[in-house]
Amino acid sequence: MSWTRKDLLGLEELSKEEIEFILATAESFKEVTTREIKKVPALRGKTIVNLFYEPSTRTRVSFEVAAKRLSADVINIAAETSSVKKGETLIDTGKNIQALKADIIVMRHNSSGAATILANNLDISVINAGDGWHEHPTQALLDIYTLKEKLGRIEGLHVCIVGDIAHSRVARSNIWGLTKLGAKVTVCAPPMLIPLGIQELGVSTSDDIDRVLPDADAVNVLRMQFERDSGEAFPNQLEYFKKFGITKERLKKARKDIVVMHPGPINRGIEISSEIADGENSVILEQVTNGIAVRMAVLFLVAQAREMA
Amino acid sequence: MSWTRKDLLGLEELSKEEIEFILATAESFKEVTTREIKKVPALRGKTIVNLFYEPSTRTRVSFEVAAKRLSADVINIAAETSSVKKGETLIDTGKNIQALKADIIVMRHNSSGAATILANNLDISVINAGDGWHEHPTQALLDIYTLKEKLGRIEGLHVCIVGDIAHSRVARSNIWGLTKLGAKVTVCAPPMLIPLGIQELGVSTSDDIDRVLPDADAVNVLRMQFERDSGEAFPNQLEYFKKFGITKERLKKARKDIVVMHPGPINRGIEISSEIADGENSVILEQVTNGIAVRMAVLFLVAQAREMA
Amino acid sequence: MSWTRKDLLGLEELSKEEIEFILATAESFKEVTTREIKKVPALRGKTIVNLFYEPSTRTRVSFEVAAKRLSADVINIAAETSSVKKGETLIDTGKNIQALKADIIVMRHNSSGAATILANNLDISVINAGDGWHEHPTQALLDIYTLKEKLGRIEGLHVCIVGDIAHSRVARSNIWGLTKLGAKVTVCAPPMLIPLGIQELGVSTSDDIDRVLPDADAVNVLRMQFERDSGEAFPNQLEYFKKFGITKERLKKARKDIVVMHPGPINRGIEISSEIADGENSVILEQVTNGIAVRMAVLFLVAQAREMA
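Protein chains in written order, with the numbering used here: chain B, 110 to 418; chain V, 110 to 418; chain F, 110 to 418.
Just to be clear, a hint being listed does not mean it is correct.
It does not matter which identical chain is meant; a pair holds if it fits inside one copy or across any two.
[Claimed, not checked] Taking lysine-lysine and the BS3-like style, the derived pairs with C-alpha atoms no more than 30 Å apart in a straight line are:
(1) Lys293 x Lys148
(2) Lys210 x Lys148
(3) Lys147 x Lys362
(4) Lys210 x Lys259
(5) Lys289 x Lys204
(6) Lys115 x Lys357
(7) Lys139 x Lys351
(8) Lys351 x Lys289
(9) Lys357 x Lys147
(10) Lys361 x Lys115
(11) Lys365 x Lys352
(12) Lys361 x Lys210
(13) Lys365 x Lys148
(14) Lys147 x Lys115
(15) Lys125 x Lys362
(16) Lys365 x Lys147
(17) Lys147 x Lys351
What the hints contain is simulated information worked out from the structure, not anything from laboratory work. If you're wondering where the values come from, they're calculated on a predicted model, not measured in any experiment.
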C-alpha cells in the first residue's frame with residue numbers, strides 16, 4: 110500500500126493497514142537514530158510549525174527532534190502568547206501559517222476536534238499532537254510500536270490501560286489502535302473515571318486491577334492529573350495508589366514478562382512505584398526513543414502524500 | 110543601482126529607487142517559495158537574532174521562516190525575559206549580540222526610534238520590525254509588493270488607509286512608501302485618530318469612508334487595537350464598525366476590483382466583515398505569503414551591503 | 110594529551126593540563142568566527158539540548174550560537190514551563206532527554222550540584238552552565254581565555270575578583286581555574302560577602318579594593334545582584350559603589366594596562382562606572398566573543414570523548 114492522507118488526526122479513522130504502514134515506516138527511521146550522523150535529508154527545505162495551545166515540552170521536543178533529524182526547518186509557536194491572544198480564530202491562524210508556505214502543522218490544543226477543524230480548512234498537513242480528551246495518535250502509535258518491538262506482535266495480546274480513562278486522549282487513541290490490530294483491551298479505573306459507553310469501543314472494563322493483571326500481556330499506566338481534576342468525585346492520591354498503583358507487590362500476580370508502559374511524565378508513588386518504573390518490565394524510556402522514529406515516520410508520510418496529490 | 114545600507118530602519122529615509130530595488134529583489138526570492146526544496150544557501154553561516162521586546166508571533170515567525178529559507182542560523186530572544194529585566198540598556202544588549210558575531214538583529218520594540226538608536230551604535234545590521242508608533246517598514250513593503258503584484262503598478266493609484274492612523278506604525282510606513290512611489294494616499298478615521306499635521310506627509314484626510322472608497326484602487330484596513338487604547342476618546346467597537354467597518358454593503362459603491370488589504374491579525378466584525386476578509390477582493394493571505402519574500406530580500410540586501418563595505 | 114571526560118561540571122575537578130587543552134581548542138575555533146561562513150560541520154547530526162531551570166538569555170544564546178556554528182541541532186527547554194512543573198524529577202527529565210538520543214545537555218540550575226547529579230545518572234554528556242552558587246565553568250574558561258589572550262600568560266598574574274564572592278559561581282570557578290594555572294588571586298568584598306574559609310582555596314582576601322588594585326594585573330568585576338539578595342546584611346547600592354565600584358578615579362592608582370573584566374550584564378554606576386566599562390582597559394565585549402569559541406571547544410571535546418569511549 111501507500112499512504113495517501115495529508116493529515117494524521119486520530120487512530121479512529123485509520124485502517125489496520127494504515128497503522129501497520131506507519132509502524133513499518135517507523136522501523137526504517139529507527140535505524141537512523143543509531144547512526145553517528147543521526148540525520149537524513151528527507152524533508153530538507155520543508156517547514157514544520159509546532160503550534161502548541163497547551164504547553165507540552167515532551168511532545169513538542171519529540172516532534173522538534175524528529176523534524177530536525179529529517180532536515181526540516183522547525184518553527185515553534187506557543188500559541189497562548191501569540192495572536193490568539195489578540196482574538197484571531199484558529200482557522201485564521203492556520204491559514205496564516207499556510208500562507209507562509211509551511212508544509213506541516215503539528216498542533217496541541219485543549220479542545221477535542223480542533224485538529225480536525227484545522228485540517229478540514231487547510232491544504233497543508235495537520236498532525237494532531239493531542240486535542241482535548243479526544244485523541245493523541247502519535248502517543249498511541251509509539252506505545253503500540255514499543256509493545257510490538259517487545260512482544261513481536263499485537264494481535265491476540267491483552268492490554269490493560271489503567272488510570273483516568275475518562276479524561277485521557279492517550280487511552281482513547283490506544284483503544285482504537287490496539288483493537289484494530291487485534292488486541293484485547295481492558296480499561297481499569299475507579300468507576301467515575303470510566304466513561305459511560307466505553308464498551309462500545311470494544312473494550313472490557315474493570316475497577317479491580319488485581320483481577321485484570323494476571324491475564325495481561327501489558328499494562329499501560331496513565332498519568333494521574335491530580336493537579337487538573339481535583340474535586341470531590343476524585344479519589345485522593347494515597348487511596349488511588351493503594352487500589353490502582355502499579356507496584357512490585359501487585360505485579361507478583363502478573364506474568365513475569367508483563368510489559369509496563371507509561372506515556373510520561375511519571376508520578377512516582379502515585380500511579381506507579383519507582384521500583385517498577387525503573388525495573389526490568391518497564392519500557393518507559395524505550396517509548397520515548399521510539400517516539401522519535403514514529404514521529405519521523407508520520408511527518409515523512411504526510412509530507413509525501415501531499416507531494417503525490 | 111546597488112543596495113548600500115547596512116540597516117533598514119524605515120521607509121522615510123529610503124529613495125524611490127531603493128524601495129523599488131527591494132521589491133525587485135523580493136520578486137526573485139518569491140520564486141524560491143514555489144520550489145519543492147524552498148531553500149537557498151544565500152546566508153549560510155550567518156547568524157540572525159530576532160530581538161523582540163514586544164511579543165509578535167506573526168512578525169517573528171515571518172522573519173524566522175525567511176531567514177531559514179536563506180539557510181541562516183536564527184536565534185530568538187524574547188527580550189522581556191532576558192537581561193533587559195536585569196537592567197541592561199538597549200545598547201549594551203546590542204553590543205553583546207554584536208560581540209557574538211551575529212550578522213543581523215531584527216528588532217521589535219515598543220519605543221519609537223529604538224531601532225535607529227541601536228543601528229547608530231552597532232556595526233552589524235539592524236532591521237526595524239516595528240518601533241512604537243514610528244515605522245514598520247517590512248510590513249509596508251509587503252503591502253506595496255502585494256498591491257503592485259495585483260494591480261501592476263503603484264504610480265497613480267489611490268490608496269485609502271482606514272483605522273487608527275495616530276497609533277499606527279503600519280500607516281506611517283505605508284504613507285512614506287506609497288507617496289514616494291507616486292501613489293495618492295487618503296487616511297480615513299474618526300478625527301481623534303488622525304494625528305495633527307499628517308497632511309504634511311502628502312496625504313489627504315477624511316472621516317467619511319463612504320466618500321473615499323468610490324475613488325480608491327485599494328483600501329488598507331488597520332487592525333483596531335481596542336485592547337490597547339481603551340479610553341473615553343475612543344469610539345466603541347459597534348459604532349466604529351458601523352461608521353468605518355469594511356463591509357459588502359459599503360464596497361458596493363467602490364470599484365469592483367478594489368484591493369482589500371489588512372496587516373493582520375484581523376478582527377472579524379470590528380474593522381472588517383468576514384465576507385470581505387475572505388472574499389475575492391481580499392489579498393490578506395497573499396500579503397502573508399509576500400511577507401516571506403520581502404523579508405528574505407531585506408535580510409539578503411543588508412547582509413550583502415555589510416560584506417561590500 | 111587528549112580529552113577524555115564526557116562532562117564538564119566544574120573547574121575544581123580539572124587538571125591544569127585539561128584546562129589548557131580546552132583553551133588551546135578554543136583558539137582554533139575562534140578562527141572559525143572570523144570566516145565569511147562561520148560554520149564547521151564538526152557536530153552535524155548531533156542534538157544539543159539547552160535545559161535551563163533559571164532564565165539566562167546570555168548564556169543560553171551563547172551556547173546556542175556555539176552549537177549552531179558546529180552544525181549541531183539545538184533544542185531549547187525553559188524548564189520552568191516544562192514537565193518539571195508536573196513533578197518530574199531532574200533525573201527523570203535527564204533520562205527522557207537521553208532517550209531522545211540527544212548527545213549533550215547544557216544545563217543551568219538553581220541548585221548547587223544539580224549538574225553533577227545529572228551527569229552521574231546519564232551516559233550522555235552534561236555541561237554545567239551554572240549550578241546555584243557552585244560553579245559556572247565555561248564563564249571562568251572564557252574569562253581566563255580572554256586574560257591570556259590579552260596578557261600572554263596566566264602564570265604569575267595577580268587577579269582581583271571584586272563583588273559578592275559568597276553567592277558567586279563565577280568567582281568560584283575563576284578561583285579554581287586561575288590558581289591551577291598559577292595565578293595569584295585576591296577576592297575583595299565587604300566582609301559579609303566573603304565566605305568563611307575561602308582562603309583554603311588558595312586565595313587572599315581583602316575588604317579594601319584600593320589596596321589590592323595597585324598590585325593587580327586584572328580585575329574581574331562581579332555583577333551585584335541587588336534584586337536577589339536585598340536584606341539588612343547587604344550594603345546599599347550607593348555605599349557599595351563608593352567603596353568597591355570600579356571607577357576612573359580608583360583605577361588611577363592601578364597599572365595603566367590593568368585588564369577589566371565583567372561576566373555581564375553590567376550594572377552601570379553600581380559595580381562599575383560607564384567610563385571604565387566602555388574604556389580601553391575593558392575586555393568585557395571580547396569576553397562575549399571568546400565565550401563562543403570556548404563553548405564550541407567544550408561542546409566539541411565532550412562529544413568527541415563520548416565517541417572515543
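| Out of the numbered hints, which ones does the structure contradict? | The structure conflicts with hints 1, 3, 5, 6, 7, 8, 9, 10, 12, 13, 15, 16, 17, although it agrees with all the remaining ones.
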